[in-house]
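If you read the sequences in order, they're chains A and B. Take the first sequence: its position 709, counting from 1, is numbered 709 in my numbering, and each next residue is one higher. Take the second sequence: its position 200, counting from 1, is numbered 1200 in my numbering, and each next residue is one higher.
For the record, the hints were derived by calculation from the structure and aren't laboratory data. A portion of the hints provided could be inaccurate.
Derived, one-sided and incomplete: chain B residues facing chain A with beta-carbon distance under 7 Å [as the list claims (entries may be wrong)]:
| no. | residue |
| --- | --- |
| 1 | LEU1033 |
| 2 | ARG1096 |
| 3 | ALA1098 |
| 4 | SER1145 |
| 5 | VAL1195 |
| 6 | LYS1197 |
| 7 | ALA1201 |
| 8 | LYS1242 |
| 9 | ILE1249 |
| 10 | GLY1250 |
| 11 | TYR1253 |
| 12 | ILE1257 |
No residue lacks a Cβ here, since even glycine has one placed at the ideal position from N, Cα and C.
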Amino acid sequence: MREPLTLDQGDSYERPHQKWFCGLAEEGPPCPLGPGAKGRCPQAAACHPLRVGDRWRCNRSPLRGGECAEGPTPEGECCRRYVCRPVRSLRARRGRFVSGCLLATMGALCLLLSGNWRNEWIAPGQLSVHHAQLLARDENKTNRCASCHAAGNQTMREWLAHVTDPALTMPTQSMLCLDCHKNNITTEFALWPHNIDPKILLANSEPSRPDPDLLLTSHSSRRRDPTAEIACSTCHQEHLGPEHTLTAISDRACQACHREEFHSFATDHPEFDRWPEQRRTRIAFDHTSHNAKHFPEEKQTFACSDCHHQDPSGAFQETLGYESTCANCHDSKIQASWAFGIAVISLPMLDVDALNAAGHDIGTWPESATGDFDGALPLFTKLLLLADEQAAKSINTLGPDFDFYDIDPHDSAQLEAATTIILATKQLIAELESSGQPTIATRLEKLLGRLLTPAELTRATAHLSPASIEILTKEWLAEQNGNSNSLTDGDAGSDQVAAGGWFTDPVTLTLRYRPTGHADVFLTAWIDMLAEASEGQHGNAAENMLELAMKPTAPGMCGSCHSVDRLENGQLKVNWFAKQPTDLGPQFTAFSHAPHILQAELADCNTCHRLDQTAKVMNTYTQPDPYAFVPDFHELTRQNCAECHTPGAAGDSCTQCHRYHAAGSAEFRWRIAECIDPWSHQTHGFRSHKSHKPQPARAHRPRQPQEPRTP
Amino acid sequence: MKSFASRRLRNSVLTSFAALAVVGYAWWSTSRLERPAFATGYLLLTCIVFLALYNTRKKLPMIAWTTSAGWLQAHIYVGIFSAAVFATHIAWRIPRGALETSLAALYLVTFASGLLGLYWTRTIPPKLARVSEEFLYERIPALRSQVQLRAQQTVLETVRATGSETLGNFYAQRLQGYLEKPRGLIYWLRPNSKVRKRLLAELTEVTRYLSEPECKASETLFALIRRRDDLDFHAAMQWRLKVWLFVHIGLTYPLVIVACLHGWLAHLFYGGAL
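Chain A extracted, bound-state conformation:
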C-alpha cells in the first residue's frame, strides 16, 4: 500500500470575511501583508534591508526563504517586491451579487409600477369571461381595474396617501359591484344574507323560536353570524381565469350560516315539504275526474302534452290557453250562460203606492215597473252606487245581495233604504246621460281610491254609448212613458248583438251587455274591480258581490274555473291565468324541466307527477286561501331526486337546486316580507325544512291594519 503524500499547506491563516485576498495565493504563498481594505496591492518588499556599516544586508525571514542571493539595492531597498492583482473573496463577491439582485429588483419594480402596463402587471390573474367581455374591450381596457377597485386608476402618490386618507378607499368593492348589478339586486339590501332582512330570514328558518330578538343572537352553533353582511367577493371570486364560473359556490359556503350540515343530499337533506306545488292551481281543474270521467265520455285521450308545453326557456311547463284546451267542451255552456246578456242597469218592480204611503217620493217611475216589489239591482249598478255614501249605507242596510222582492212594505227602514237606492239609481242614470262614461270612471275611482287608466276605463265601459242611456231616461223614466223604439224582444236583442255589445230590454227595463266571448274584457274588468274593492271601505259589500259574480251559475261561469285568492292585505284576487313562469319571481329553490325530460325514463310526466285518485281537489276552491289545499298529484319526495342526484352522477351540490340571490329584487323581497309573518310563525310557501308534518288547512286570517313597509 502506497503511503499518502503529505505536503506542507503553509502557515498562513485565511480569513474568509476579508474582502480581498492576495493574488499570489493562486500560485503559491501570498505576500505577508496582503491587500489593503480597498483591494489595493501594497507592493510590499520581501524585507527591510539592514545597514551594516556602509553596506545593506538582506533581512528576509528564514520562513520565507532567508537571505536572498541578489541582496538589497545600493540605495538600501529590497530587490524583491510582492506585486499582485488582489482577488475579491468569495464572500465579498456574494455580497456584491446580492446587492446587485436587490438593486435590479427595485429598479424593475419602479419601472413596472410607473409604466403603462402597471395594472396589467399587478393583476392577480385574468378576469372571467363574464366580466372580461365587458371590461376588456378597447374603450374600457384602460380603466377596467377601476370598475371594481377604487385604487385601480389612482396614482402612486394617491396609493401612498391611503395611509392618511381613508376616503381614498371609497367606494368599496361591493358598492362598485352594485353599480352594474343594481338592476338585479336592490342596493340597500344587497349585502344582507340572501338580500333579506336577517330578522325575517331567521324567523323563516327557525319558526319555533319565540323571541325574534333571540334569533339575532342565536348563532353560536353556526360558523358565521347569519346577521353579518356579506361582501360580493366573498363568494364571487374573480381573477381565477376565463373559464372560472363566478357563480360556482361550494357547499361549505352555504353551510357557513346554515345550522344543519348536509354531507349528502340523499341521506342528510330534509324531506321535501309540499313539492312541487305549494299552493293550489290557479285554474280549478280536477285532473282525476277529467282523466277518469270527462275525457272518456267525450272519447278523448287525456294526455299531459295536450294542455302543457315546455316554455322557450325549457325550465317551465306552461299551461296552454283556453281556446286550445277547454273551449271544445266548455264554450257552449259559457255562451249559453249569457244568452240573454248581462244586466248592467235595471229598473226593478217597485210598490210605488207603499212608498208614497210611507212618505217616500221617488218621482217618476215607469208604469210597467210598478207593482209589488221585485227584481234585483245588477252587480254593476250596486258597485257604482257604493260610491254614493247614502246609497252605500242603504245597500248595507238591505244587504249587499238584497233583492227588492225581499223588501217588507210595512218596514219603514227598508222602505227608506229602498227609496234611497232608487233615487241613487236614478241619479246615476241621470249622470250617465249628462256626463256619459266619465261618470263610471269617477265613481270607480272614488270606490277604489285610485285613478283609472284609460285602458281600464275602456274595458269597464265597453264602448257604452249615450244612446243606450237615453233610452233609460227619455223613454223609461220620462214623465209620459211612450213606446220604446228599442227592441221589444229581449231574445231578439241579444241575438242581434251575438258578437257582443249593448242592448236594452224594454220588458224588464234593463240595459244589458252581451259579452264577446270567453275572457270578455268588460266582464273581467268589473270582476277585477270587485276584487280590488274587497280591500277598501266597502270591502264586505264588494266581497259579497264578487261571490255572486263568481258563482258557477253566474253569467260567464267564471267562478267554475278561475279561483279567487285572498292576498295578505285582505284583498281578493281572481286568477285569470294558470301559473306563469314569472308568477313567483325568483325562488330559493329552482327547477328546470328541460334537463330532466331529456332522460328517457323521465319523459313520461307520470313518472314524477302521479295522480292522487282520492284527492278531493275541488273542495279546496270553496275558500280563498290558496295555501290550504289538497294537491291532486302525490308530492315528490327527496328519494325521487336522490336516485340521480348523487355526487358521482347528476351532482348534489346546494346551488344545483337552491339560489342564494332568490330575493334579490325589491319586489320579491317584499313578497317574502309579506308572506312571512315572523311573529306568528306562519309562512306561506317558504316553510322550514324541519316542518315535515302536513300542515292543516288554515282559516282566513283576520284582516289587520297594515303596518308601514319599512325595511
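Chain B: place on chain A using the hints.
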C-alpha cells in the same frame, strides 16, 4: 443535553403542529366566509423576514439572540413551516397574475435552494471527510500549483539522474496537462474518479518499463495524482457548498421587497369589501 435525534423529533413535531394549525385556521376561516389570505399573508411575510435575518445577524449584533447553530435550527424549521403557510396562502392553487407568479417563483426558488443547501450541507462534509486530508477552499489553488511543481521537479530530477526518458515522456504526454489545467465543467457539476483511475492505471502499465530510481519517482507521481484528484474533489464539493448561497441569499431580499409590495397592493385593491 438532548441528543440530536430527540431535538430533531421535537422540532419536527412542533413544526408539523404549527403547520397543521395554520391549515386548520384557513379551513375554519374559509368556512366562515372570511378571508384567511390576509392572516396567512402576514404570517408568511413574518416568516420570510425572520428567515432573512439569519443572514443579517452577523451584521446586527443586537439580534444575535442565540448561537449560530440555534439560528440555523430556527432558520430550517421556520423555513419548512413557511412552505405550509405559503401553500395555504395561495389556497393550493397556482398563481395566475404576473406579479403573483413572480413572487411565488421567487419564494419557491429560494425555498428550493434552501432545501438543496440543507441537503448538501448534510451530505457533502462526510464525503469530504473520507478524503485523505482537509483542504481550505481558499488554499486549493496554491496547493494545486504545489503539486504540479513537485511532480515536475520529481520527473526532472529522475531524468537527470537516470538518463532514461520513459518517465519524462509519460509525464509530458499524460500527466502534465492534467496537473496544470483546471478540471472541466462536467467534473465540477458531477465529480468522479474516472480520470484519476485511468491515469493511475496507465502509470502502473508504464512501471514495468522503469528502472528502480524511476520506480521510486513513479511512487511519488502516484501520490501526487491522488492528491491532485483529492484537491479537485474538495474544490468541486466546497464550491457547491458556497455557490448555493448565491442563489439563496441573492433571492431573499428581492423576495422580501416583492412580498411587501404584494401585501401593500392587496390592501389597496381590497378596498373594503363591504
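Hints and how they fare:
no., hint, verdict
1, LEU1033, "5 Å, holds"
2, ARG1096, "3 Å, holds"
3, ALA1098, "5 Å, holds"
4, SER1145, "5 Å, holds"
5, VAL1195, "18 Å, violated"
6, LYS1197, "14 Å, violated"
7, ALA1201, "14 Å, violated"
8, LYS1242, "6 Å, holds"
9, ILE1249, "5 Å, holds"
10, GLY1250, "4 Å, holds"
11, TYR1253, "5 Å, holds"
12, ILE1257, "6 Å, holds"
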